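In the order they appear, the protein sequences are chains Y and D.
Under the numbering used here, the residue at position 215 of the first sequence is numbered 446, and the numbers go up by one with no gaps.
Under the numbering used here, the residue at position 8 of the second sequence is numbered 239, and the numbers go up by one with no gaps.
No lab work stands behind these hints, which were simulated from the structure alone.
Just to be clear, a hint being listed does not mean it is correct.
Listed next, with one range per pair, are the computed distances between beta-carbon atoms [unchecked claim]:
1. D:K361 - Y:S307: 27 to 37 Å
2. Y:G564 - D:E356: 57 to 67 Å
3. Y:A271 - D:K463: 39 to 49 Å
Calculated lysine-lysine pairs in the DSS-like style (CA-CA distance at most 25 Å, straight line) [unchecked claim]:
4. D:K549 - Y:K256
5. Y:K467 - D:K319
6. Y:K563 - D:K460
7. D:K467 - Y:K565
8. D:K463 - Y:K563
9. Y:K549 - D:K256
10. Y:K563 - Y:K513
11. D:K319 - Y:K463
12. Y:K563 - D:K467
13. Y:K467 - D:K565
14. D:K467 - Y:K548
15. D:K549 - Y:K467
16. D:K450 - D:K389
17. Y:K319 - D:K460
18. D:K319 - Y:K460
19. Y:K548 - D:K256
20. D:K235 - Y:K256
21. D:K563 - Y:K467
22. D:K467 - Y:K319
23. D:K361 - D:K450
24. D:K563 - Y:K463
25. D:K563 - D:K548
26. Y:K467 - D:K548
27. Y:K256 - D:K256
28. Y:K256 - D:K548
29. D:K450 - Y:K450
30. Y:K549 - Y:K235
31. D:K278 - D:K467
32. D:K563 - Y:K460
33. Y:K319 - D:K463
34. Y:K235 - D:K256
35. Y:K344 - Y:K513
36. Y:K549 - D:K467
Nothing here was measured: the structure is a model prediction, and the numbers come from that model.
Virtual Cβ for every residue (Gly too), placed ideally from N, Cα, C.
Letter by letter, the chains look like this.
2 protein chains.
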Amino acid sequence: MDDKLMLMIPGPTPVPEQVLLALAKHPIGHRSSDFAPIMAEVTQGLKWLHQTQNDLLILAASGTGAMEAGIINFLSPGDRVLVGSNGKFGDRWAQICEVYGLTVDRITAEWGKPLDPEQFRAQLEADTDKQIKAVIVTHSETSTGVLNDLETINRYVKAHGQALIIVDAVTSLGAINVPIDEWGLDVVASGSQKGYMLPPGLGFVAVGAKAWDAYATAKLPRFYLDLGKYRKEVAKNSHPFTPPVNMFFALQVALRMMQKEGLENIFARHQRQTSATRAAMKALNLPLFAPDHAASPAITAIAPVGVDAEQIRSIVKKRFDIAMAGGQDHLKGKIFRVGHLGFVSDRDILTAISALEAALLDLNYDFTPGAGVAAAAKMLTT
Amino acid sequence: MDDKLMLMIPGPTPVPEQVLLALAKHPIGHRSSDFAPIMAEVTQGLKWLHQTQNDLLILAASGTGAMEAGIINFLSPGDRVLVGSNGKFGDRWAQICEVYGLTVDRITAEWGKPLDPEQFRAQLEADTDKQIKAVIVTHSETSTGVLNDLETINRYVKAHGQALIIVDAVTSLGAINVPIDEWGLDVVASGSQKGYMLPPGLGFVAVGAKAWDAYATAKLPRFYLDLGKYRKEVAKNSHPFTPPVNMFFALQVALRMMQKEGLENIFARHQRQTSATRAAMKALNLPLFAPDHAASPAITAIAPVGVDAEQIRSIVKKRFDIAMAGGQDHLKGKIFRVGHLGFVSDRDILTAISALEAALLDLNYDFTPGAGVAAAAKMLTT
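Please model the entire structure based on the sequences and the hints provided.
This is how it looks when you write it as structure tokens:
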């Protein structure tokens with residue numbers, strides 16, 4: 232049905248009406264006194280959301296652009312980096328490192344399984360001459376719905392003492408606790424179309440003092456992604472290039488909404504919806520792709536047996552106007568993914584599960600009709 | 232007055248209501264069948280606007296990001312490039328080249344004067360062993376309102392036979408004729424907040440066959456700005472990263488509007504408004520910063536004598552809610568700039584000139600009240 236699409240994918244995510252309307256305002260000049268207070272407010276709001284006093288830099292770029300900036304500003308050709316890779320995005324950060332001539336050691340896990348922090352510990356402890364310059368970790372792996380144990384991995388990085396920790400928080404920031412200052416995360420990158428309740432178009436990078444020290448001697452070439460330029464301008468409530476001013480209007484509104492809801496409530500909402508979604512899948516005999524102890528708060532991946540993932544997605548989309556995501560790369564056709572990230576209410580979870588049940592009925596899948604909705608409802612109301 | 236701002240700066244430029252409303256639509260999935268037809272339509276529309284069959288690639292980036300992509304995808308460390316520099320943006324492209332370790336020869340002209348094509352000819356003719364790999368030219372120099380003679384410079388590049396021509400068309404595309412295929416322009420970059428009647432947030436790069444040949448062996452590192460990735464995906468009506476889907480909705484509407492108006496009419500409108508603005512300044516005894524034969528169709532810079540540029544801008548903004556641009560870098564306080572680019576009607580020119588006259592009256596400047604409006608009106612109506 233036209234204009235009736237409901238997004239249950241891990242980005243773009245749904246956007247509130249008041250944010251959309253802010254997006255539709257006439258642009259203003261980015262070098263004018265009109266823009267500076269907006270820049271000041273959104274920067275402060277982002278620091279609140281990121282739980283940090285570090286520099287918070289806003290790029291016109293996707294999450295990949297933000298993450299590339301988070302890597303290339305702090306390293307030099309030949310530098311050794313440890314990259315956690317257990318999905319499409321971990322793989323991508325390793326690729327970026329290779330493109331820039333870094334020496335990459337991958338720590339891998341099967342897609343759908345979390346990275347083992349002990350493997351990081353072993354490599355970091357063995358590095359007695361401190362050759363590892365950075366450890367790159369994807370917090371919530373969007374391609375599999377796995378949440379990696381960032382807190383533990385980061386503890387081993389801190390024990391190493393030298394390496395920076397560079398975090399892909401693209402689908403974790405705004406969904407689950409990422410206490411940048413408390414944990415001492417050096418570089419944290421994310422994107423607007425995820426937990427921020429915004430359309431795609433902005434990338435965010437939080438940069439701490441130790442990373443800026445590395446920046447001073449880092450030699451990889453960059454200009455548009457040169458975070459030093461952003462840092463210099465944000466100190467004047469300005470921006471080095473022409474920022475997408477309409478997205479800044481929208482960001483301003485979205486951050487005010489998030490501040491009103493409060494960090495604890497936002498995290499609790501994502502946790503509740505994750506639990507409800509997972510409980511529903513179990514009640515429907517649909518195997519979860521990620522284990523309970525490593526479940527992303529943003530996205531649940533399901534690996535159905537005896538029923539086709541793509542057929543489920545197709546029916547849910549065509550009959551009920553709900554977009555769910557498919558598998559990527561070698562998981563195409565093997566899993567489907569339900570996003571519950573950003574502007575998602577408990578009602579949306581019930582809606583998605585009930586539509587999923589309808590599709591399963593249509594496909595003659597063996598399950599107890601109503602069991603998924605009941606299981607989700609129970610998690611949402613208790 | 233709140234919500235009454237009128238943009239007469241060289242970007243962001245005014246955006247039509249129907250484009251703003253498209254921006255406020257709910258996002259869709261960029262990997263869905265909903266997105267592919269939009270990608271197909273805007274790519275075709277952009278090819279029409281660029282007068283080319285070359286690949287047309289859309290980046291989530293500012294014009295600088297697009298231009299950096301246009302440079303770094305086709306060159307290798309140490310490559311010799313000629314960079315035309317007669318303003319802030321020409322300087323910036325030279326800086327980017329230096330950051331990436333290219334060997335840069337600058338061809339300069341005083342800010343406010345056009346580049347001399349004969350200097351390009353001399354260097355290109357002297358390069359008998361074909362060491363010059365690219366010539367980088369800013370078509371319309373936004374910082375000064377100068378239009379460089381791209382057609383002639385390009386003719387000398389073609390005579391050289393080897394070098395690519397890489398064009399910053401950020402404030403010329405959509406304002407004046409840039410016939411990419413007819414002239415054989417290898418790489419042309421621009422940005423959404425200029426002639427496209429859109430807010431900032433998208434960059435565009437048109438890439439021809441000769442540039443793709445260079446891409447095959449070019450060694451500068453890139454990932455987010457790797458145009459090969461965009462080329463591969465656009466062939467499938469897709470995008471390598473998460474594109475700003477709302478900006479694509481807006482682009483779709485803006486391109487339809489431009490196609491309805493027609494290229495000839497769009498160019499004629501910009502030319503007429505440029506002539507009217509310049510005639511008004513002459514009638515007001517306000518010295519034009521760029522000579523008539525090198526006047527940008529997008530922006531007119533004025534270097535007032537006996538009256539302060541910043542005071543003019545301040546009064547026009549505070550009393551009449553019109554944003555005009557100031558000078559950049561060493562021109563700060565010395566010039567002001569009137570943008571007439573994109574969604575600007577003849578009425579806007581009359582409005583801007585009449586407000587400017589009011590400011591001049593307020594500042595006791597010596598001029599004939601009404602002379603500017605009369606001169607502009609004459610150019611607009613004959």
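Comparing the hints with the structure gives:
no.	hint	in the structure
1	D:K361 - Y:S307: 27 to 37 Å	holds, 33 Å
2	Y:G564 - D:E356: 57 to 67 Å	holds, 59 Å
3	Y:A271 - D:K463: 39 to 49 Å	holds, 40 Å
4	D:K549 - Y:K256	holds, 20 Å
5	Y:K467 - D:K319	holds, 20 Å
6	Y:K563 - D:K460	holds, 20 Å
7	D:K467 - Y:K565	holds, 22 Å
8	D:K463 - Y:K563	holds, 19 Å
9	Y:K549 - D:K256	holds, 20 Å
10	Y:K563 - Y:K513	holds, 22 Å
11	D:K319 - Y:K463	holds, 18 Å
12	Y:K563 - D:K467	holds, 17 Å
13	Y:K467 - D:K565	holds, 22 Å
14	D:K467 - Y:K548	holds, 21 Å
15	D:K549 - Y:K467	holds, 22 Å
16	D:K450 - D:K389	holds, 24 Å
17	Y:K319 - D:K460	holds, 16 Å
18	D:K319 - Y:K460	holds, 16 Å
19	Y:K548 - D:K256	holds, 19 Å
20	D:K235 - Y:K256	holds, 11 Å
21	D:K563 - Y:K467	holds, 17 Å
22	D:K467 - Y:K319	holds, 20 Å
23	D:K361 - D:K450	holds, 19 Å
24	D:K563 - Y:K463	holds, 19 Å
25	D:K563 - D:K548	holds, 17 Å
26	Y:K467 - D:K548	holds, 21 Å
27	Y:K256 - D:K256	holds, 13 Å
28	Y:K256 - D:K548	holds, 19 Å
29	D:K450 - Y:K450	holds, 16 Å
30	Y:K549 - Y:K235	holds, 11 Å
31	D:K278 - D:K467	holds, 16 Å
32	D:K563 - Y:K460	holds, 20 Å
33	Y:K319 - D:K463	holds, 18 Å
34	Y:K235 - D:K256	holds, 11 Å
35	Y:K344 - Y:K513	holds, 18 Å
36	Y:K549 - D:K467	holds, 22 Å
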